[in-house]
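K.L.:
Taking the hints into account, I'd like the entire structure generated from these sequences.
Listed here are the chains, written in short residue letters.
2 protein chains.
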Amino acid sequence: MLAGTLLLAGCERKPGPATAPRHAAPAASATGATASIPPEDGQWTMPAKDYASTRFSGLDEINASNVQNLKVAFTLSTGVNKGHEAAPLVVGSTMYVVTPYPNDLYALDLTKPGAPAKWKYSPNPSPSSQGVACCDVVNRGVAFAGGKVILNTLDGYTVAVDAGTGKEAWRTRLGDINKGETITMAPLVVHDKVLVGDSGGEFGVRGWLQALDVDSGKPVWKAYHTGPDKDVLIGADFKPYYAMDKGKDLGVASWPPDAWKIGGGTTWGWISYDPELNLIYYGTGNPGPWNAEQRPGDNKWTSGLFARNPDTGAAKWFYQLNPHDVHDYDAINETLLLEVPIDGRMRKVAARAERNGYLYLIDRATGQVLSADPYANVNSSRGVDLKTGRLNINSEKVPQLGKVIRDICPTASGSKDWNPSAFSPRTGLLYIPHENLCMDWENLEANYISGTPYVGAEVRMKAGPGGNRGAFTAWDPVRRAIAWEAKEDLPLWSGALVTAGDVVFYGTMDGWFKALDARSGKPLWQFKCASGIIGQPIAYRGPDGHEYVAVLAGVGGWAGAIVSADLDPRDPTAALGFVGAMADLKQKTTAGGVLYVFSLPGR
Amino acid sequence: MLAGTLLLAGCERKPGPATAPRHAAPAASATGATASIPPEDGQWTMPAKDYASTRFSGLDEINASNVQNLKVAFTLSTGVNKGHEAAPLVVGSTMYVVTPYPNDLYALDLTKPGAPAKWKYSPNPSPSSQGVACCDVVNRGVAFAGGKVILNTLDGYTVAVDAGTGKEAWRTRLGDINKGETITMAPLVVHDKVLVGDSGGEFGVRGWLQALDVDSGKPVWKAYHTGPDKDVLIGADFKPYYAMDKGKDLGVASWPPDAWKIGGGTTWGWISYDPELNLIYYGTGNPGPWNAEQRPGDNKWTSGLFARNPDTGAAKWFYQLNPHDVHDYDAINETLLLEVPIDGRMRKVAARAERNGYLYLIDRATGQVLSADPYANVNSSRGVDLKTGRLNINSEKVPQLGKVIRDICPTASGSKDWNPSAFSPRTGLLYIPHENLCMDWENLEANYISGTPYVGAEVRMKAGPGGNRGAFTAWDPVRRAIAWEAKEDLPLWSGALVTAGDVVFYGTMDGWFKALDARSGKPLWQFKCASGIIGQPIAYRGPDGHEYVAVLAGVGGWAGAIVSADLDPRDPTAALGFVGAMADLKQKTTAGGVLYVFSLPGR
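Same order as they appear, the protein sequences are chains A and B.
Convert by adding 12 to the 1-based position in the first sequence; the result is the number in my numbering.
Convert by adding 12 to the 1-based position in the second sequence; the result is the number in my numbering.
One should not assume that every hint holds.
Identical copies go unnamed one by one, so any copy, or any two together, can satisfy a pair.
No farther apart than 30 Å at their CA atoms in a straight line, the calculated lysine-lysine pairs in the DSBU-like style are these [as the list claims (entries may be wrong)]:
| # | residue 1 | residue 2 |
| --- | --- | --- |
| 1 | Lys-499 | Lys-132 |
| 2 | Lys-234 | Lys-360 |
| 3 | Lys-83 | Lys-132 |
| 4 | Lys-474 | Lys-130 |
These aren't lab readings, by the way, just hints derived from the structure by calculation.
Note that this is a predicted model, so its numbers are computed, not measured.
P.N.:
Below you can see the structure in the form of structure tokens.
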């Protein structure tokens, strides 16, 4: 048992329906958490920076004492007025930038900052794909491997493009937009496999992760997230930690008859990789429909975390973060692979700031939950039972048909959605850009029609306790408490970046790109970008040897759809209820996709 | 007679079909040209800065010795991917920014740089207006008067908006998009009149200028540019200088029967005002159709310069710059009101860098042409006869039905199009951002159908002599020669700004915003904006007392329609032939509208 006798992590620290995180003094990094991070090479070759998904840059030219001098080095419009969630990549002296639909890919020669793109690749996705993208037509980034840039398109293709010429090397169709299947996640390449999952949990699709051969694009394996074990690639190696995740064909048995066929469990978020254990970690999306009364059972293998062998796809373990999810708490958020001292012993953990509001530390080898602490306001559950692994749902906050359940915290979008955290081995802190929203929810009857929304809920979101709709939280995984926190008026929908200069960067939905002191949270610098920021900042060393920081501005995504899709602010249920919390966003920012690259003066 | 015996200005200086400008050493400003410029108040209250249209800012904090430190202060996306030709206005501590269609107007509080707009006004023009805009859906700026911002909409309205609240004060319909009438020009307010003209010379509209009462929006007078004298407001006061512009009802008599009713002569460019003479100056657009074989005669009062009383509209004089225009040489360019020493005497002149390639100095009071010198490569004409005022057309370059006439210079878009020059009383130089293009032209039969294109020409544009498609030319109006010139790869389609810091600013269509030494042309600084620049830069003093420079990036316009309208680069005749010269623009920039505000560090 961990943390003494605290079997029920989270709510035990505070009575009442709403749990709240503890605060702690900043940790000394020497005794704190760390991570296996390759030596800094000045590049940024995958959206998460490294397989451990730390989004930590070892560059320190830009630091807490000079970041206030940061200036715009150059800018580039993408000409796309939709949500820009992608991280640029920097490989050698080239930057790769991908846009939301139409998923154009630009290669910029960093030896000539501001010069025209070396090449532009346009995959020309089917325009119909826009109609089945639940929450804006976003793309979260590309992968680089073996001289190729790997790109997912909204209409369900994975494409490899020659990194030097921009010529298409291969193109493989994985999704079917006629069923509502799109692809928005960033691929990850492990060994010779390109790993790709689908989106469409609001359209009754069946979630999966696929591996393609990086040279040919040929499918190698495919693991579904509902259905019989053989479809899920559950075999002899599968050893889940908790009893609730054990049993034969749970992907069928934990559903009403045939419901697993349209049950969601998509893979539109992040994959991490532990080379030592040779395991990938990724979460599955919400079960469909949102109306959980239509799908009694645990709805395996939705809303949980898989560990798989990347070469075969064979499942090693699974942990269901939200069994029988009733609140749309996808488990697709990023997994940071850290080493954390727990009870005097360094543990290899998967650290996850979950949509359900808990910061989980999970044993990477076994799937055992070591701790689960609320990092934000939560009343939808009362903590995690560390003995059973089960989330203890607050029965007062369970949606019902024909009744509005009020003030559920967090919202369907979670305490944190897809937008990734960062971790610094220098400070030992996790940096979590997140939300502080609550919601009213009424279940409705959902009817499945292929390629149309399959949701069954009317939701209205609003600001959470305190009124600040967002927060940037530095979390100490050793003390299991907040080190410092910067409150934000708007929900945070951008990623975080932390550097060896001990500066953290993130953007706000009204366009401020901010730098804070990574140790204290002290605001150091901010710049007003052309549009709200929901992209993922990166840092790199330019061909001139100097450090640059880059981010895509371009408001949108689920939270910003009111702007990117020009929704009526008078309908709080629009954008699956998000407009209720964002009625003022149109007054605060404008659409537009612009790459910003920053540097110190004289660069 | 002027300049000795040089009656035929322009080509007399160089034999052969192509005329070329002289070069001269930089002029000493003390003995040079000057202008009546009000004392600098740090604002920018009309697109041309002042009634003399100098676009000169008296601010000098940013100067030739520190401009290399200029940095981006803040940015704002307009969310509009069309050509941004407008100048921002700065009145007090508020900046007003207008977009292309849908003509949204933003009010930005400069005391809070980067803060959300104080208000946004959306006139919601008819979407159909986009279909009758010949050359992108541009807007060239707004006017400010009496606490109101005056805005023209693409669908033919003039709207006054309360500058404090953004509430609509009045709205007057002036144009009829069903006939192809749009409005793209910036209004000018003189006394209590708002002056507005129409666009649509490629749709067989009938050009006009109207005056509206600034308080009520009620029409006060309307002067047509074709038709009987009474329609043109030609009366007893009308005293043109040249015989060719004298006669009764020339707006009818110089046309085939009824052709004047669909003859163009629109007013989509610039108006200047001389308070001393109480005269406004503005030019009229091309006659329609482009195929001049269908309209024998001089086609009054198209393609010429009007001087009018702003209170009554009564015409004072007219000078037809391009009688019977055969090359689409609109005369809508800006008129700079200068005082220039000529033959030992200061003359009040209207200085105009014309589309036909000549820099005219015209007596403001009489309409007499004092000189007309080529400032760019011209072979379509052989100078101006100063005795008759008549442009001497090169018969070898006159388009014909069924025959391609090759290598006509300049193109239909002119040596310079609408994008305005600047003048510094400190250097005595005119700063002309312009083009260096030639074209092949074949006349086609044009048929008039209301609300559809009425052109009758197939044009292919290309780079002019030397291969540089653009140039930024500093012109000495005293020596009537080029002081210095910066060649540009792409045509220049942005305006020019010159400041008392002796810096000139302009933008390129691939997004570089540039600062040059106003005296020498030496490049001092450049910054890569998100999209190509066709806007008009301005300078102002912020509420903090410091100087700022602002410009809208956002490629498009006629020259950039290949990007903003996503035209096929393989069709050189697209965009009325401009795509022929711009096939590479898609590789060099991307669409997107972004306001950039620059300042020195620490501001």
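K.L.:
Reference check for the pair Lys-83 and Lys-132, CA-CA at most 30 Å: within, between, both, or neither?
P.N.:
For Lys-83 and Lys-132, both the intra-copy (27 Å) and inter-copy (28 Å) Cα distances are at most 30 Å.
K.L.:
Treating 30 Å as the Cα threshold, decide for Lys-474 and Lys-130: within, between, both or neither.
P.N.:
Only across copies: Lys-474 and Lys-130 sit 24 Å apart there, 44 Å inside one copy, limit 30 Å.
K.L.:
Give the relationship of Lys-234 and Lys-360 under a CA distance limit of 30 Å: within one copy only, between copies only, both, or neither.
P.N.:
within (27 Å within a copy, 81 Å between copies)
K.L.:
Within, between, both or neither: how does the pair Lys-499, Lys-132 come out at a Cα-Cα threshold of 30 Å?
P.N.:
Classified as between: cross-chain Cα gap 27 Å, same-chain 39 Å, threshold 30 Å.
Consistency with the previously given hints is maintained throughout, with no hint failing.
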